[in-house]
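Number of protein chains: 2
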Amino acid sequence: MTSDFKSIGKYISILYRQAQSYISHQLRPYNIGSGQYTFLLALYRQDGINQEELSQELLIDKATTARALLKLEEEGYVKRERDPVDKRAYRVFITKKAGKVKPVIYQTIRTWSDLLENELNEEEKAVLGTILEKMVNSAKLHLQKNWP
Amino acid sequence: MTSDFKSIGKYISILYRQAQSYISHQLRPYNIGSGQYTFLLALYRQDGINQEELSQELLIDKATTARALLKLEEEGYVKRERDPVDKRAYRVFITKKAGKVKPVIYQTIRTWSDLLENELNEEEKAVLGTILEKMVNSAKLHLQKNWP
Numbered sequence: 116m117t118s119d120f121k122s123i124g125k126y127i128s129i130l131y132r133q134a135q136s137y138i139s140h141q142l143r144p145y146n147i148g149s150g151q152y153t154f155l156l157a158l159y160r161q162d163g164i165n166q167e168e169l170s171q172e173l174l175i176d177k178a179t180t181a182r183a184l185l186k187l188e189e190e191g192y193v194k195r196e197r198d199p200v201d202k203r204a205y206r207v208f209i210t211k212k213a214g215k216v217k218p219v220i221y222q223t224i225r226t227w228s229d230l231l232e233n234e235l236n237e238e239e240k241a242v243l244g245t246i247l248e249k250m251v252n253s254a255k256l257h258l259q260k261n262w263p
Numbered sequence: 116m117t118s119d120f121k122s123i124g125k126y127i128s129i130l131y132r133q134a135q136s137y138i139s140h141q142l143r144p145y146n147i148g149s150g151q152y153t154f155l156l157a158l159y160r161q162d163g164i165n166q167e168e169l170s171q172e173l174l175i176d177k178a179t180t181a182r183a184l185l186k187l188e189e190e191g192y193v194k195r196e197r198d199p200v201d202k203r204a205y206r207v208f209i210t211k212k213a214g215k216v217k218p219v220i221y222q223t224i225r226t227w228s229d230l231l232e233n234e235l236n237e238e239e240k241a242v243l244g245t246i247l248e249k250m251v252n253s254a255k256l257h258l259q260k261n262w263p
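These protein sequences, in sequence, are chains E and H.
Take any residue in the first sequence, note its place counting from 1, add 115, and you have its number in the working numbering.
Take any residue in the second sequence, note its place counting from 1, add 115, and you have its number in the working numbering.
The shape of chain E in the complex, shown without the other chains:
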């Protein structure tokens, strides 16, 4: 069933882009561009994280990370400050404006999740969660082993 599995990667890629497309469209009135909400989500959890750590944690390359944070800074959602210890590094903080938009972002993600969730029964949801978790962990191990 190798060819079946090939389409699993394709489905994941399409699902990701469909979600991005929906979420970006909903967040357009807030001038939060494509993929930028991902950084805000991470910052809500870890305000003040180092920019390079943020890039590594999200597995998003440095150039894309820098571009997204610059846009978010221009729009007043984040502030970057030089790290007092490592002067070459930046730490990234969310602003009050980012705090205000937080419920909108979470609600948008929830609406999209609900839409897909409605298609599945409880068993399917549980099976899907278990399998995806297994794949994520296996991929993580592989990436750590090869690029620690």
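There's no promise every hint is true.
Since copy identity is lost for identical chains, a pair holds within one copy or between any two.
In silico BS3-like cross-links for lysine-lysine, where the CA-CA straight-line distance does not exceed 30 Å [to be verified]:
no.	residue 1	residue 2
1	K125	K211
2	K249	K215
3	K240	K217
4	K215	K177
5	K212	K125
6	K217	K260
7	K125	K240
8	K255	K217
9	K215	K125
Because the hints were derived from the structure by calculation, they are not lab data.
For this one, chain E is given, so just place chain H on it according to the hints.
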């Protein structure tokens, strides 16, 4: 199980970024940057497609599409030509160089898929494929209904 499902979206997002991270790293010697191989894959299937159609089909916004194609053009992988009918539009063609790198790209995707596939048994693969397909189709319907 709403909270379980919330993590399904998260897993999909992580799996997507893990794959991007692996594939981009492998394609770095060819100067194919993050996410750019997605455009090449689409062009291998539809050489000469209109740039805007390509953006719509991949659900990747126009600015990101333009940036990726410019980089691919600079590296000699694609050529853009004005559409003879719609003069404001571009059609995108792959070059010989893109043809040469095609087996490398497919092999890279295959290696990553195999790595994840090895974690699952036949039943899990089949169930996963069915559920993901259902979600992709449901999302597609929703997006078409709202932004036809």
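Against the structure, test the hints numbered earlier, and report the numbers of the ones violated in rising order. 2
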